[in-house]
Structure formats: C-alpha cells, structure tokens
Amino acid sequence: MLTLTCPYCGTHADETELAPGGEAHLKRFGPGSSDEDFEDYLFRRANPKGVHFERWRHAYGCGKWFLAARCTTTLEVYGTYPAQTTEPPEHILETIAAKRPGWSWEADT
Amino acid sequence: MKKRYSVFAIAKEAARHHLGWERAWAAPSPKPKYDAIIVGAGGHGLATAYYLGKNHGLRNVAILEKGWLGGGNTGRNTTIIRSNYLQDPSAAIYEKSRSLYETLSQDLNYNIMFSPRGVIMLAQTQAEIRGYQRTAHANALQGVKTEWIEPRRVKELCPIINLDGPRYPVLGGLYQARGGTARHDAVAWGYARACSDMGMDIIQQCEVTGVSTEAGKVTGVTTTKGDIACDKLGIVVAGHSSALADMAGFRLPIESVALQALVSEPIKPAMDVVIMANTVHGYMSQSDKGEMVIGGGTDGFNNYTQRGSFHHIEETVRALVETFPMISRLKMLRQWGGIVDMTGDRSPIISKTPVGGIFVNCGWGTGGFKAIPGSGWAMAELMAKGEPGPLAAEFTVDRFKVGKFIDESVAAGVAH
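Protein sequence lines, in the order shown, are assigned to chains A and B.
So in UniProt numbering the end of the first sequence lands on 109, straight run, no missing numbers.
So in UniProt numbering the end of the second sequence lands on 416, straight run, no missing numbers.
Among the hints, erroneous ones may be present.
Claimed, not checked - Derived CB-CB ranges, DEER-like: (1) B/Gly249 - A/Cys9: 19 to 27 Å; (2) B/Thr103 - A/Val77: 48 to 56 Å; (3) B/Gly249 - A/Asp37: 17 to 25 Å.
Said to hold, decoys possible - Residues from chain B shown here face chain A by an in silico Cβ test under 7 Å; the list is partial: (4) Phe8; (5) Leu100; (6) Thr103; (7) Gly216; (8) Gly220; (9) Ser242; (10) Gly249; (11) Phe250; (12) Pro253; (13) Asn303; (14) Tyr304; (15) Gln306; (16) Phe310; (17) Thr396.
None of these hints come from the bench; they were simulated from the model.
Because the structure is a prediction, the values reported are computed rather than measured.
Beta carbons are placed, not taken as given, at the ideal position from N, Cα and C, and that holds for glycine.
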C-alpha cells in the first residue's frame with residue numbers, strides 16, 4: 001500500500017486516507033489560449049514510466065492539497081511538498097538525482 | 001500451411017501418442033525490413049496483424065513483443081465479452097467485435113471457447129435503473145440485442161444472487177443474452193497461429209527501445225534484437241502507449257493505472273452468467289475450471305507495477321459477498337494486476353498520429369478484451385488504407401481537441 005507523508009500535518013498517511021489528483025505542475029491554459037494548449041492542459045499527460053510528479057489531497061486528514069514525487073514502476077516515494085509551487089523544490093530534485101543518475105527535471109511546456 | 005485442428009486430427013494423434021503435433025507458431029529472427037510492424041503481441045496487436053493479412057493482403061508484417069505473447073492484459077483480464085454501450089460509435093465497434101467472437105473459433109480453426117452465457121449489469125440505484133433503461137433503448141436503435149430485466153428474472157438467471165442486499169438491493173438489470181466469456185489466452189494463441197501461418201513474423205523477447213523517423217515519417221524501430229526498418233508502424237501496447245509515443249516524439253491523452261482481478265478456489269458450477277455490479281464495483285463469473293473470476297477496481301494514481309493496491313481487493317470482495325453471500329467462505333487463489341491505458345472519455349483511440357506512417361490503437365482502458373477482434377479489424381483498415389474506416393472514424397485522437405468525446409465514462413459507470 002502506498003504511504004505518503006502529508007507535508008502539512010506530518011502524518012504518514014496510507015492511500016485510503018488520500019485522494020489522488022493526477023499530474024502536478026501542469027501549466028494552466030484557459031480562455032484566450034489556443035486549442036492545442038487547452039487540449040494539452042486538459043488531456044495530454046506525460047504518464048512517465050519512472051519519476052512522476054503528482055497531486056494528492058489529504059482527504060481524510062487536513063483536507064489540503066499537496067504534491068508528491070514518486071516512481072511509477074517501483075512506487076518509491078522521493079518526497080512530498082506543499083502545493084504552492086510551480087516546480088519541484090530543490091531538495092526533492094536532489095533526492096531523485098541521487099537515486100537516479102542521469103535523470104533531470106524538465107518543465108512541461 | 002499448418003495442419004488443421006479437428007476431431008480427426010485429435011483421433012489421429014491419439015493413435016500415435018500425440019507425437020505429431022507441430023508448433024502453433026514459428027519463432028523467427030527479425031528480417032531487416034517489413035512493410036508493417038506492429039508493436040505488441042497481445043490480443044489487439046495480433047488481431048490487427050491478422051486482419052491486415054486477411055482483409056487487406058498485407059502479409060510482410062512483424063509483430064514485436066517485449067515479453068511473451070499474450071502475457072500482458074490479454075492474459076490478465078476477466079474475459080468478459082459484451083457490447084451494451086450507450087454511444088453509437090462504441091456500440092458499433094464493440095458489437096462488431098462481439099459478432100466476430102461468435103465465429104472466431106471457426107475462422108481461426110482454434111477453439112477460443114466463446115461462451116455466450118449472458119451478461120447482466122445490475123441496477124442497484126434509481127439512477128442506474130434510468131441509465132440502463134436508456135442504454136437498452138439506445139441498443140435497440142443500434143441493433144444491439146439487449147433488454148431491461150426485472151429483479152425476478154435476475155434471480156432466475158442467477159439463483160445465487162441476493163436481491164435484498166443490506167446496502168444496495170438489486171432493482172433490475174441490463175441483460176445481453178449473447179454476451180459472455182471466452183478463453184483469453186486462446187484468443188491470442190489462435191490469432192498468433194493464424195498470423196504465423198500467413199507468413200508473418202511474431203518476434204517475442206524483442207523490446208522496442210526507439211522509433212526512427214525521417215522528415216516526419218517513420219523509417220523503422222530500434223529493438224533489443226537490432227534495428228528493423230518499416231513503412232508503417234502500429235503501436236498497440238495498451239498501458240505502455242505513452243512510453244512508445246514518447247519514443248516517437250508525441251504525447252497521448254493517456255494515463256496508465258493498475259487494474260486488478262482475482263480468482264477463487266474452484267467450486268462446482270454455481271453461476272452460468274456474468275454479473276457486473278457497477279455501483280458496488282465488482283464483477284464475477286465462473287470459469288470452466290470452476291474458479292470464481294472476480295474483477296476489481298483500478299488504482300487512482302499512475303502506476304506501472306502490475307499489482308494494484310490491496311484495499312481494492314477488500315472493497316471488491318466485500319461488495320461481492322453482499323451480492324453473493326454463498327461466496328463468503330471461499331478462499332481466493334490468485335490475484336494479479338494489469339496496466340490499463342485510460343483516456344479522458346474512457347473510450348479508445350484508433351488513430352493516425354503526428355508522425356507519418358505511425359498509427360496508435362490504445363486507450364481501451366479496463367475493457368479491452370471484449371474489443372479484440374473489432375479493434376484489430378478497424379486498426380488493420382486504418383493501417384492498410386492510411387485513413388480510418390467507419391468503425392474507427394470517431395475514435396481519432398483529434399476528438400480531444402475538437403471536443404467530440406465518446407463519453408462512456410458516464411454511460412458505463414466504473415467497470416467497463
């Protein structure tokens with residue numbers, strides 16, 4: 001069972017306590033954007049086999065949204081962090097780079 | 001030409017200690033170039049190759065498989081076949097598929113054990129009653145034979161069901177009498193044998209690691225068994241579609257999650273229909289071996305582990321014990337997971353891609369097995385002609401841009 005640490009309450013919550021919210025750090029496009037950008041924002045996903053940044057909500061806890069870095073093949077969790085950011089914090093990127101040499105963060109454009 | 005399987009062949013082999021059976025398909029090394037390469041030797045990939053050869057005369061075809069034939073979702077599903085969908089494009093392709101299943105054993109000369117035992121989708125809320133009655137009316141217009149049945153008829157068809165469950169009583173059901181099950185491995189094996197017989201190369205243990213393009217058009221693939229050139233490339237890899245698309249340089253509206261299933265210890269025949277209970281989220285049928293085959297839920301997060309989370313098993317089994325109290329003492333024998341490819345509208349993609357000569361067939365999500373023959377039929381037409389035929393026309397990847405969804409996520413509920 002997947003266990004994530006809520007960065008707000010510090011609780012080690014298992015997945016039954018959490019609600020998954022899909023890919024994180026998507027760039028939002030709304031009214032006035034091109035059809036392609038809007039489609040990408042709504043539907044296109046990286047869906048990587050490897051490091052994935054994603055949104056979670058501590059549904060049966062504090063109720064707040066947070067973000068997690070996780071490997072989709074091993075379910076290893078590299079860390080969780082508050083949602084008020086547009087890209088992963090440095091310490092998370094360092095943790096991942098230490099475990100996966102050669103890996104680098106690419107902002108989704 | 002392979003020897004035909006028949007009662008005479010069995011009698012002949014019985015008389016000589018079964019020493020004369022030949023391999024069902026060849027194990028060739030890759031040639032340097034093919035007219036078309038299909039990535040993925042699961043049901044959909046093999047069916048695509050089969051209909052490319054049978055319907056379109058394209059036989060210089062290789063099917064590449066990173067693992068073993070039919071070892072992905074084809075060997076991991078709950079083998080349910082039905083076509084009771086709400087939307088017209090879905091009903092058309094799933095009904096084509098179901099009707100091909102009816103004669104597939106004869107067509108392939110391979111017993112796929114299609115058993116049209118009937119599928120009932122239980123209505124357990126007022127909303128489901130309205131939803132399924134609407135689907136039954138839509139199916140009547142689409143020429144798909146389904147009917148709305150009352151609780152008493154559900155009980156007649158499936159005596160072990162508990163109509164008056166504590167949480168969700170059975171209020172009726174959507175019944176498709178010619179739905180049912182088939183032997184999933186046999187579907188892959190039958191198609192593989194027929195493809196091999198047409199001179200196609202099925203290459204197992206051959207993982208595609210790169211896609212080569214030139215001037216926006218595909219030229220071949222890099223694999224663990226060397227580079228192979230091709231004019232057309234069909235990507236039919238279910239949960240790994242995003243990884244292949246990434247190699248070819250485009251993105252798909254797909255997310256991969258684990259869907260799990262489990263089987264009980266074998267018991268004597270207890271139910272001869274397939275029951276799907278979408279509100280409580282569980283579905284069950286009995287295999288010919290006597291095992292109760294149970295389908296469960298998908299994980300809500302991206303996942304390539306082929307396991308699935310434990311709590312889904314508990315939820316599924318809890319729901320089914322309420323619906324079928326007699327299974328409460330059954331031991332579960334095996335559990336497994338498959339990686340399914342979910343699209344935004346829960347309908348598949350059979351489409352051209354931004355790269356010339358590359359076609360994708362993916363997004364079948366949690367309900368791909370039933371679609372294998374129809375999917376292969378439509379994908380073969382698309383690959384052979386370069387343009388989709390009537391079955392695939394609505395399932396293009398462009399529908400997410402223009403907003404022309406085939407929204408089965410609402411119509412079909414969760415199990416699908």
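- Message: Which constraints among the numbered hints does this structure fail? Numbers only, ascending.
- Response: Going through the list in order, the structure violates hints 1, 4, 5, 6, 7, 8, 10, 11, 15, 17 and respects the others.
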